[in-house]
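Student: For what it's worth, my numbering labels the leading residue of the sequence shown as 1, then goes sequentially.
For the record, the hints were derived by calculation from the structure and aren't laboratory data.
Cβ atoms here follow ideal geometry from the backbone N, Cα and C, with glycine treated the same way.
The reader is advised that the hints may include incorrect statements.
Computed beta-carbon distance windows for the label pairs [what the hints assert, rightly or not]:
(1) Ile146 to Leu23: 16 to 22 angstroms
(2) Leu23 to Leu67: 17 to 23 angstroms
(3) Gln124 to His18: 28 to 34 angstroms
(4) Phe29 to Asp170: 25 to 31 angstroms
(5) Pro49 to Val151: 17 to 23 angstroms
(6) Leu125 to His4: 29 to 35 angstroms
(7) Leu87 to Glu130: 45 to 51 angstroms
(8) His165 to Asp53: 32 to 38 angstroms
(9) Gln124 to Leu24: 18 to 24 angstroms
(10) Asn45 to His80: 42 to 48 angstroms
(11) Gly159 to Gly117: 36 to 42 angstroms
(12) Thr20 to Gly122: 19 to 25 angstroms
(13) Gln124 to Phe29: 24 to 30 angstroms
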Amino acid sequence: MAFHDTPRRYGAVSLLFHWTMALLIILQFMALGGYINDGEHWIGNTIVPWHTDIGLLLLILVSLRILWMLGQRERRPELHGRHAMQLMAKGGHFLLYVCMVLMPVTGILLMVGGGHGLGFFGIQLVAESEREIPWAIALGEWHAQISWLFVALVLGHLGAALYHHFVMHDDTLSRMTARRSGHL
Numbered sequence: 001m002a003f004h005d006t007p008r009r010y011g012a013v014s015l016l017f018h019w020t021m022a023l024l025i026i027l028q029f030m031a032l033g034g035y036i037n038d039g040e041h042w043i044g045n046t047i048v049p050w051h052t053d054i055g056l057l058l059l060i061l062v063s064l065r066i067l068w069m070l071g072q073r074e075r076r077p078e079l080h081g082r083h084a085m086q087l088m089a090k091g092g093h094f095l096l097y098v099c100m101v102l103m104p105v106t107g108i109l110l111m112v113g114g115g116h117g118l119g120f121f122g123i124q125l126v127a128e129s130e131r132e133i134p135w136a137i138a139l140g141e142w143h144a145q146i147s148w149l150f151v152a153l154v155l156g157h158l159g160a161a162l163y164h165h166f167v168m169h170d171d172t173l174s175r176m177t178a179r180r181s182g183h184l
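Please build the complete structure, drawing on both the sequences and the hints.
Tutor: So, in structure tokens, the structure goes:
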């Protein structure tokens, strides 16, 4: 497998970013379920305590992924389908990236603005404070609303990948897996 992207498929680095982040985002969505149940579920007791750490890790990864993507701009595989489908794919991917950046940023604002401090896998980044920051809390409160948009976009992304694979019978899905070609 190629390290870099090629016009035919995504390279090892892009695949590693995609699937690592997909797994971490699934864990974050499970934490969302834990919050809905007020932590009264095994999810709330096991995943929710890691929610901030995973969110910060995702912010680091999406930042690196964007830099990698910009460097691979000329090599990336072409989009399939009609012009309208390509526009929807580009728009959907853009909104996914916006959510991948805004989710952790609004989470950070909510934590720091509320005086809760901020840690990253046991390393204190921002100390707790008794002073609240109203503007940070106000912006951070968008975290929950953006999460629902993000869930809808991820489901749409998954649906589009399955549509390409099972209805259009093209190689869109296989380009994002380790398989060389064909259907999964």
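Student: All hints, please: hold or fail.
Tutor: A quick look at each hint next to the structure:
1. Ile146 to Leu23: 16 to 22 angstroms: holds (20 angstroms)
2. Leu23 to Leu67: 17 to 23 angstroms: About 21 angstroms separates the Cβ atoms of Leu23 and Leu67, which means 17 to 23 angstroms holds.
3. Gln124 to His18: 28 to 34 angstroms: Once the Cβ atoms are compared, 31 angstroms apart, the range 28 to 34 angstroms for His18 and Gln124 holds.
4. Phe29 to Asp170: 25 to 31 angstroms: Taking Cβ atoms as reference, Phe29 and Asp170 lie about 27 angstroms apart, which means the hint holds.
5. Pro49 to Val151: 17 to 23 angstroms: Check passed, 21 angstroms falls within 17 to 23 angstroms.
6. Leu125 to His4: 29 to 35 angstroms: holds (33 angstroms)
7. Leu87 to Glu130: 45 to 51 angstroms: At roughly 49 angstroms between Cβ atoms, Glu130 and Leu87 fall inside 45 to 51 angstroms, so the hint holds.
8. His165 to Asp53: 32 to 38 angstroms: Between His165 and Asp53, where Cβ atoms are some 33 angstroms apart, the hint holds.
9. Gln124 to Leu24: 18 to 24 angstroms: The hint (18 to 24 angstroms, Cβ to Cβ) holds, given that Gln124 and Leu24 are roughly 22 angstroms apart.
10. Asn45 to His80: 42 to 48 angstroms: holds (43 angstroms)
11. Gly159 to Gly117: 36 to 42 angstroms: holds (39 angstroms)
12. Thr20 to Gly122: 19 to 25 angstroms: holds (21 angstroms)
13. Gln124 to Phe29: 24 to 30 angstroms: holds (27 angstroms)
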